Amino acid sequence: MTSPEIPRLSRDDVAHVANLARLTLSDEELDAFTGQLADVLDHAADIEALDLDDVPPMANPLPLVNVLRPDVPVSTEDAAKADAAAGFRAEVLAAAPSVEDGRFRVPPVLGEAP
Amino acid sequence: MSDQALIPGWEVVIGLEVHAELATATKMFSSALNQFGGQPNTNVDPVSLGLPGSLPVLNEKAVELAIRVGLALDCTIQRSVFARKNYFYPDMPKDFQISQYDLPINGVGSLELPDGRRIGIERAHLEEDTGKSTHVGGGGRIHEAGHSLIDYNRSGVPLIEIVSAPDMRCAEEARAYVSELRAILVAIGASDGKMEEGSMRVDCNVSVRREGTSELGTRCEVKNINSLRSMGRAIEYEARRQVDLLESGEKVQQQTRHWNEDDGRTHKLRSKEEAYDYRYFPEPDLVPVEPSDEWIAEIRAALPMLPRERRQRLAVAAGVEPQATALTVERGMDDLAVDTIAAGADATRVLVHVENNLADGVGELTAASFASLVAMEAGGDLTATQAKTVLADLVATGGDPAAHAASHGFEAMDTSELEALVDRLIAEHPDDWAGYVGGDDRERRRKSGFFVGQVMRATQGQADGRIVNDLLARRAAEQGG
Chain A
0 MTSPEIPRLS RDDVAHVANL ARLTLSDEEL DAFTGQLADV LDHAADIEAL DLDDVPPMAN
60 PLPLVNVLRP DVPVSTEDAA KADAAAGFRA EVLAAAPSVE DGRFRVPPVL GEAP
Chain B
0 MSDQALIPGW EVVIGLEVHA ELATATKMFS SALNQFGGQP NTNVDPVSLG LPGSLPVLNE
60 KAVELAIRVG LALDCTIQRS VFARKNYFYP DMPKDFQISQ YDLPINGVGS LELPDGRRIG
120 IERAHLEEDT GKSTHVGGGG RIHEAGHSLI DYNRSGVPLI EIVSAPDMRC AEEARAYVSE
180 LRAILVAIGA SDGKMEEGSM RVDCNVSVRR EGTSELGTRC EVKNINSLRS MGRAIEYEAR
240 RQVDLLESGE KVQQQTRHWN EDDGRTHKLR SKEEAYDYRY FPEPDLVPVE PSDEWIAEIR
300 AALPMLPRER RQRLAVAAGV EPQATALTVE RGMDDLAVDT IAAGADATRV LVHVENNLAD
360 GVGELTAASF ASLVAMEAGG DLTATQAKTV LADLVATGGD PAAHAASHGF EAMDTSELEA
420 LVDRLIAEHP DDWAGYVGGD DRERRRKSGF FVGQVMRATQ GQADGRIVND LLARRAAEQG
480 G
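Residue numbers (numbering that gives the first Met the number 0), protein chains in the order written: chain A, 0 to 113; chain B, 0 to 480.
Don't take each hint at face value.
Calculated cross-link-like contacts (lysine to any residue; reagent style SDA-like; alpha-carbon spacing at most 20 Å) [unchecked claim]:
(1) B:Lys222 - A:Val108
(2) A:Lys80 - B:Leu268
(3) B:Lys250 - B:Leu268
(4) B:Lys131 - A:Arg104
(5) B:Lys131 - B:His257
(6) B:Lys131 - A:Val91
Which bits of chain B does chain A cover? Going by a derived footprint, with three or more residues having C-beta under 8 Å, they are [to be verified]:
(7) 52 to 60
(8) 287 to 298
Reference listing, derived: stretches of chain B covered by chain A, where coverage requires no fewer than 3 residues with Cβ under 8 Å from a Cβ of chain A [to be verified]:
(9) 27 to 39
(10) 319 to 329
Worth flagging that the hints you see were computed from the coordinates, not collected in a lab. Bear in mind the structure is a predicted one, so any value in this text is a computation, not a measurement. Beta carbons are placed, not taken as given, at the ideal position from N, Cα and C, and that holds for glycine.
All chains, full assembly: derive it from the sequences and hints.
Set out below in structure tokens:
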């Protein structure tokens, strides 16, 4: 069952989404994923065809709201925790391909942040 | 605000998006410090670095501060949901920014400018800040840079993004809006509002239309504005550019543009076609926020007086229009002004001194000494210039204005003036004078009290009562009384 109003997903749509996600897909993969993604969207269209006016949109399957933590920093007076924090910094910087002046060095960026 | 159009025949339409860093101790989704400055990559943890497997937990204080902002802007506080905004950029290591999309915590509200005009607020939502990039080589210009360096100390700092309606019509009005918004954010303790440190950032949406038309023109978003002054320049440049295009028969293309402070122009960053496709979807690692009515009421009750309420309070105390108190409130000197006026000082003189002579702060000045000074000035004991000098002394060292005036050799009332005043009062009140000259001790004391009171009233309390009594006694003796 497909909704008549929604045109079926095209190969170009999939190529566009793949590009947004920085995925390189071969021609075979594009063909395969176009079919699979279209099936997923068909399923979404089936749900959309139902009368769900009285059902509030669900943001999360868990029956929870307001999961909050107090605004308390990790104690740096605790020597063990301070050491752990310093150790964490050294570890992540060491794991980076390139570091300069305590900062992560990355290839030239081709534009401003959005 | 000028009624004069910036460009004759055209109306400029401005909407602003203001990002302000919230003044929490820790980040939005983890307990790393929210702190400006510091060694690079010291305030980081798995969450702010977007390490695989790390999970966000929302900071209660960030929600509280966002609600404060919403209440101060008369927004609807509502159930909200976080969403992922997907894009790739090295200052955001997990490749999406957690923001709010269709369900922001604060819905529609408004902001009142000092002149009484209201600017609509469309929403004010929570989101996380990104890390900071430094482009190395090519003089810091992005396109020519050899490489970039990233510091994630700012990554995950809580932000409130306040989106105005397209309700502003000139650069001056936009400046007034941002100034007022900043004053509100600082007053309620939500943010330090420092544009120069980047804790408050403004993007401007600018479009133009023919005067008298109501349809909105195609807009451009101008980014990279670092001060109120640049914002004004950027808006004026951008409006002029769009009018020039339209007047030469071309069309305005919807674009994101970058303000360049050095050449004073905006430059195309992205066209509508190149606009990012963020593919928002609900953040599965966070649950909705539904602040209870009790919590909202508690936050509302703890809100301090807002700038507009302070202006109103001083306006009532001083008997002036609220707009006339804007600068005093902006300088945070309205408490002093209200107390000084309550101590009997002439309100107009108080406001004039605050605006003209207290730009560098109040120092040791108190309401009592300020009121005495204003009384001396009003009574003619000090000229405006002398009063300014004494005021500077009071700011620097506190103390008694009369003593400062004396130390500068500013004579209070000279005796001949006082004599003339006493003689005039004697002539004006012959019956009282007869009572003084001819009455018994009790009557004489009563009448001397009357004359001293009259002198004090005429001199705003600046005459010396003992000298007045001596003068009265001398005049009576001269008349053989």
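Hint check results:
no. : hint                : in the structure
1   : B:Lys222 - A:Val108 : 17 Å, holds
2   : A:Lys80 - B:Leu268  : 44 Å, violated
3   : B:Lys250 - B:Leu268 : 17 Å, holds
4   : B:Lys131 - A:Arg104 : 12 Å, holds
5   : B:Lys131 - B:His257 : 18 Å, holds
6   : B:Lys131 - A:Val91  : 17 Å, holds
7   : 52 to 60            : holds (count 5)
8   : 287 to 298          : holds (count 4)
9   : 27 to 39            : holds (count 5)
10  : 319 to 329          : violated (count 0)
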